[in-house]
Amino acid sequence: MAVPRLLRAAAPRLYSTVLVPAPATATAPVATQPSDDKLLSEPLSHPDFFNVKELFTLKDLFDARVHLGHKKGCRHRFMEPYIFGCRLDQDIIDLEQTMQHLQLALNFTAHIAYRKGIILFISRKRQFCHLVECTARACGEYAHTRYWQGGLLTNAHIQFGAGVRLPDLIVFLSSLNNVFQTHVAVRDAAKMNIPTVGVVDTNCNPSLITYPIPGNDDSPSAVELYCKLFRMTIIRAKDKRRQSEAVEELRRKAEGN
Amino acid sequence: MLRLIYTTTAVQRKNVGASGPEKYTEAFIKKQIEEFNLGKRHLANMMGEDPETFTQEDIDRAIAYLFPSGLFDEQARPMMKHPREIFPEQRKIQWGEDGRPFHFLFYTGKQSYYSLMHETYEKLLNVEKYQDQLIAQDLPLQKEKRNLAGSRWLTKIELEEMLLEKLSDDDYSRFIQLLQKLTDLPCSDIEEKYIQKFSKELPVQMQKVVIEPLQYDEQGVAFSTGEGRRKTARATAVVYDNGTGKMTVNGKDILHYFPVLQDREQLLFPFQFLGRIGKHDAVCTVSGGGRSAQAGAIRLACAKALRSFVTEKEVEFMRQAGLLTVDPRVKERKKPGQEGARRKFTWKKR
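So the protein sequences, as listed, match chains A and B. The numbering of the first sequence is the numbering used here, which starts it at 1 and goes up by one. The numbering of the second sequence is the numbering used here, which starts it at 1 and goes up by one.
Because the hints were derived from the structure by calculation, they are not lab data. Even glycine gets a Cβ: it sits at the ideal position worked out from N, Cα and C. Among the hints, erroneous ones may be present.
[Stated by the list, open to error] Capping the alpha-carbon separation at 25 Å, the derived lysine to aspartate or glutamate pairs in DMTMM-like fashion look like this:
#, chain 1, residue 1, chain 2, residue 2
1, A, Lys116, B, Glu97
2, A, Lys125, B, Glu122
3, B, Lys110, B, Glu26
4, A, Lys240, B, Glu122
5, B, Lys110, A, Asp168
6, B, Lys123, B, Glu26
7, B, Lys129, A, Asp168
8, A, Lys228, B, Glu122
9, A, Lys191, B, Asp98
10, A, Lys116, B, Asp98
11, A, Lys240, B, Glu97
12, A, Lys125, B, Glu128
13, A, Lys238, B, Asp98
14, A, Lys238, B, Glu97
15, B, Lys129, B, Glu158
16, A, Lys125, B, Asp170
17, A, Lys125, B, Glu227
18, B, Lys313, B, Asp170
19, B, Lys92, B, Glu161
20, A, Lys228, B, Glu119
21, A, Lys228, B, Glu26
22, B, Lys123, A, Glu224
23, A, Lys125, B, Asp58
24, A, Lys38, B, Glu97
25, B, Lys92, A, Glu224
26, A, Lys38, B, Asp98
27, B, Lys129, A, Glu224
[Claimed, not checked] Distance ranges between label pairs, derived from CB positions:
#, chain 1, residue 1, chain 2, residue 2, range
28, A, Cys134, B, Asp138, 27 to 35 Å
29, B, Lys166, A, Thr154, 18 to 26 Å
30, B, Asp132, A, Arg87, 29 to 37 Å
[As the list claims (entries may be wrong)] Here's a subset of chain A near chain B, in silico, CB distances under 10 Å, partners left out:
#, residue
31, Trp148
32, Arg165
33, Thr182
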């Protein structure tokens, strides 16, 4: 008996490839010269400027056990579109959709990193706390894998001091906290107009996350894969930015002469 | 059309409490340091000393001379110290010009504490990896006996000073547990240097009492002196070897000086305890106190003098018998509203 397909596969959101990130507090560097405009607008014309597709294949995702979800009883209603099927009570995530979502998410992260945005990695899984912090340090970005104090984003001016700059992107490597509820940062980021990228497992609520990535967040191999992918995209985007700036510098000098 | 906006002065008033402790900018501290150095030179000129070799002690003496103060509290007197000692160390601004914070754990709120936990955990992983390597090569895991009694971990206040951040009790206990876990691993000797940053040596608890050696007088007889006190009585005793058990107090024999048997028993107790009753002579002087107090003082003085004649084990026996401890009981003062130290006035119901 064929297992009935769980609802039609949700087509990934296909609005314009980049949501223009709204800077939360301090002013982002304003482009005054036309060359700066070109620097920022050129990547937006290509659908995959940073070529993130080549970083992963379906087989890599399968080998890293990204498709394994939780048991049927833990399933969240809103995750049903992303689930391929259920075998022996365990949900299997549809890797075709995961590929599309992952590509969009990585592309978005790369654009944010290209524009020198602040990226904050969040994961409340104690097993991977060290790994996530090391990844963040390697990229030159920021991490928060500890107890979340209530007003970190919403009350930032009082907690950190006036003139603090909030993150421009928040990446969740596990969107639940230690009591299996959605992490407070998802709601706070939505309040502060900060876009989020998050790995959502079958027991998570993907509603408030801007770029959800349906996938396993419990296996070490899967989390290591995500860390590797994010690290590579961010480093690639930053290198691209440095290259473009160097090229612009040379061109401006040549024009000046 | 213009509308008048009414505001109260309450809105304009600054909430002084909410801004927290006063924050000093780098520029302010620098100015204070310059002023301090200038003031130091002026002070040196005023005192007629060389400005180049004017130390902090000289400054303190000069200030005490120029501004004499009879206040009891040392902190309330006028003082002139380097600004770094007066203004507490504070955090500078944590982010650069473009707004990006310097530390990768800035958004946690407690960046120094969490980076410390991160580092310590990394050391733990290192040690575990090294252990796995040794096991893979079938080498024995070393376990040197580290002296646990000789050191203690840093206290919460010391850690707060080190990190310049407030910690909660829970945070502190978690950190100590992690350090303990690290030290309990067999191969933690690799990270000994890191662990030593957070441990302090305990001072030696028991101060060894120096037992004075025997002295010899003109005839070659060994003797030793001891001092004792009890309540207000002060006594000194000189105990001679090769004696017959004669004891003199303030020039008089003990039978004359202490007619009561109880006092004489007190005097003889150290000798009786060591079994040396007829073997030593003693010459004592005593002043102050009453009959019983003087007897107790001489007893302590003799016991202290006998330490030099006796083995260490017997000294320990004497100490356990209470012969070498100063009796701390003194007369308790009378309190107002009471008839004596403890006795209250007669309670009348009506």
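Each hint, compared with the structure:
| no. | hint | in the structure |
| --- | --- | --- |
| 1 | A:Lys116 x B:Glu97 | holds, 13 Å |
| 2 | A:Lys125 x B:Glu122 | holds, 17 Å |
| 3 | B:Lys110 x B:Glu26 | holds, 22 Å |
| 4 | A:Lys240 x B:Glu122 | violated, 32 Å |
| 5 | B:Lys110 x A:Asp168 | holds, 21 Å |
| 6 | B:Lys123 x B:Glu26 | violated, 35 Å |
| 7 | B:Lys129 x A:Asp168 | violated, 37 Å |
| 8 | A:Lys228 x B:Glu122 | holds, 19 Å |
| 9 | A:Lys191 x B:Asp98 | holds, 24 Å |
| 10 | A:Lys116 x B:Asp98 | holds, 10 Å |
| 11 | A:Lys240 x B:Glu97 | holds, 22 Å |
| 12 | A:Lys125 x B:Glu128 | holds, 21 Å |
| 13 | A:Lys238 x B:Asp98 | holds, 16 Å |
| 14 | A:Lys238 x B:Glu97 | holds, 19 Å |
| 15 | B:Lys129 x B:Glu158 | violated, 31 Å |
| 16 | A:Lys125 x B:Asp170 | holds, 19 Å |
| 17 | A:Lys125 x B:Glu227 | violated, 69 Å |
| 18 | B:Lys313 x B:Asp170 | violated, 47 Å |
| 19 | B:Lys92 x B:Glu161 | holds, 15 Å |
| 20 | A:Lys228 x B:Glu119 | holds, 21 Å |
| 21 | A:Lys228 x B:Glu26 | violated, 41 Å |
| 22 | B:Lys123 x A:Glu224 | holds, 20 Å |
| 23 | A:Lys125 x B:Asp58 | violated, 59 Å |
| 24 | A:Lys38 x B:Glu97 | holds, 24 Å |
| 25 | B:Lys92 x A:Glu224 | violated, 35 Å |
| 26 | A:Lys38 x B:Asp98 | holds, 21 Å |
| 27 | B:Lys129 x A:Glu224 | holds, 18 Å |
| 28 | A:Cys134 x B:Asp138: 27 to 35 Å | holds, 31 Å |
| 29 | B:Lys166 x A:Thr154: 18 to 26 Å | holds, 21 Å |
| 30 | B:Asp132 x A:Arg87: 29 to 37 Å | holds, 35 Å |
| 31 | Trp148 | holds, 9 Å |
| 32 | Arg165 | holds, 3 Å |
| 33 | Thr182 | violated, 19 Å |
Of the numbered hints stated above, those contradicted by the structure are hints 4, 6, 7, 15, 17, 18, 21, 23, 25 and 33, listed in ascending order.
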